[in-house]
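Number of protein chains: 2
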Amino acid sequence: MLILITYDVNTSDPAGRKRLRQVAKQCVNYGQRVQNSVFECLLDPAQYRMLQSRLISIIDDQKDSLRFYHLGNQYQGKIEHFGTKSTYKPEGILLV
Amino acid sequence: MLILITYDVNTSDPAGRKRLRQVAKQCVNYGQRVQNSVFECLLDPAQYRMLQSRLISIIDDQKDSLRFYHLGNQYQGKIEHFGTKSTYKPEGILLV
Numbered sequence: 001m002l003i004l005i006t007y008d009v010n011t012s013d014p015a016g017r018k019r020l021r022q023v024a025k026q027c028v029n030y031g032q033r034v035q036n037s038v039f040e041c042l043l044d045p046a047q048y049r050m051l052q053s054r055l056i057s058i059i060d061d062q063k064d065s066l067r068f069y070h071l072g073n074q075y076q077g078k079i080e081h082f083g084t085k086s087t088y089k090p091e092g093i094l095l096v
Numbered sequence: 001m002l003i004l005i006t007y008d009v010n011t012s013d014p015a016g017r018k019r020l021r022q023v024a025k026q027c028v029n030y031g032q033r034v035q036n037s038v039f040e041c042l043l044d045p046a047q048y049r050m051l052q053s054r055l056i057s058i059i060d061d062q063k064d065s066l067r068f069y070h071l072g073n074q075y076q077g078k079i080e081h082f083g084t085k086s087t088y089k090p091e092g093i094l095l096v
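Going line by line, the protein sequences match chains A and B.
Everything in the first sequence is counted per our numbering, starting at 1 for the first residue and increasing by one.
Everything in the second sequence is counted per our numbering, starting at 1 for the first residue and increasing by one.
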């Protein structure tokens with residue numbers, strides 16, 4: 001199933017950038033980064049529970065917002081994209 | 001139907017911040033901003049076509065990324081949230 005993960009962090013703060021890198025590191029094992037703080041991950045239910053648990057342990061729940069959207073298995077027709085399709089290169093922007 | 005709209009812009013650039021404000025202004029008429037560049041909008045098909053057309057006209061398709069996710073009408077069980085739930089106040093961050 002496709003899980004869309006969106007994460008809100010102020011990346012002007014080094015600690016926030018570190019948390020975003022940690023979130024991305026977990027997510028890219030299961031899918032791809034489609035925007036700065038948006039990840040699409042293909043997961044089975046066990047992987048989803050594990051990834052969700054890891055991400056919850058990374059975020060600062062007083063500062064960050066983490067949302068999961070369940071797009072199911074028939075997700076191909078549910079996504080539309082406009083604008084730049086260039087691959088996001090987190091190392092160029094996010095590393096401190 | 002619920003449409004999730006995600007938008008990637010570099011808000012360190014005044015023109016980008018302006019575009020993000022313009023995107024948000026369109027989206028909040030139909031739903032709510034749940035993260036910095038993530039909007040959940042309740043739309044019928046005609047509204048969706050109109051909003052999508054407006055947003056495409058706002059973005060810089062060489063710099064920005066705009067994605068639409070169709071969550072349908074049975075979206076309540078498809079969304080999970082963790083972390084801060086404080087209302088996002090764009091005027092405090094995004095105005096130049």
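Source of the hints: derived by calculation from the structure; they are not laboratory data.
Certain hints may be false.
Here are some, though not all, of the chain A residues that point toward chain B, as calculated from beta-carbon distances under 10 Å [stated by the list, open to error]:
| id | residue |
| --- | --- |
| 1 | Gln26 |
| 2 | Asn29 |
| 3 | Ser37 |
| 4 | Val38 |
| 5 | Leu42 |
| 6 | Ile56 |
| 7 | Asp61 |
| 8 | Asn73 |
| 9 | Tyr75 |
| 10 | Lys85 |
The calculated label-pair distances, taken between Cβ atoms and stated as ranges, are [stated by the list, open to error]:
| id | chain 1 | residue 1 | chain 2 | residue 2 | range |
| --- | --- | --- | --- | --- | --- |
| 11 | B | Leu42 | A | Asn73 | 18 to 26 Å |
| 12 | A | Gln22 | B | Gln76 | 24 to 32 Å |
| 13 | A | Ser57 | B | Ile79 | 16 to 24 Å |
C-beta atoms are modelled at their ideal positions from N, C-alpha and C, and glycine is treated no differently.
Consistency of the hints with the structure:
Taken as an interface hint, A:Gln26 does not check out: its beta carbon lies about 14 Å from the nearest beta carbon of chain B, beyond 10 Å. Hint on A:Asn29 is violated. Least Cβ distance to chain B is approximately 19 Å, over the 10 Å limit. Annotation: interface hint on A:Ser37 holds; nearest CB of chain B at approximately 7 Å, less than 10 Å. With a cut of 10 Å, the hint placing A:Val38 at the interface with chain B holds, because the nearest CB-to-CB distance is about 5 Å.
For A:Leu42, the interface hint is violated, since its Cβ never comes within 10 Å of a Cβ in chain B; the closest pair sits about 15 Å apart. Proximity of A:Ile56 to chain B holds as hinted, the smallest CB-CB distance being about 5 Å (cut-off 10 Å). With a least beta-carbon distance of about 5 Å to chain B, the hint placing A:Asp61 at the interface is held under the 10 Å criterion. The closest approach between the C-beta of A:Asn73 and any C-beta of chain B is roughly 13 Å, which is over the 10 Å cut-off, so the hint fails.
For A:Tyr75, the interface hint holds, since its Cβ comes within 10 Å of a Cβ in chain B; the closest pair sits about 8 Å apart. Interface restraint check: A:Lys85 against chain B, minimum CB-CB distance 7 Å, threshold 10 Å, status holds. At about 24 Å, the beta-carbon gap between B:Leu42 and A:Asn73 stays in the expected band of 18 to 26 Å. Remark: the range hint 24 to 32 Å for A:Gln22 to B:Gln76 is upheld by a beta-carbon distance near 30 Å.
For the hinted restraint 16 to 24 Å between A:Ser57 and B:Ile79, the CB-CB distance of approximately 21 Å keeps it satisfied.
The structure is inconsistent with the numbered hints 1, 2, 5 and 8, although it conforms to all the rest.
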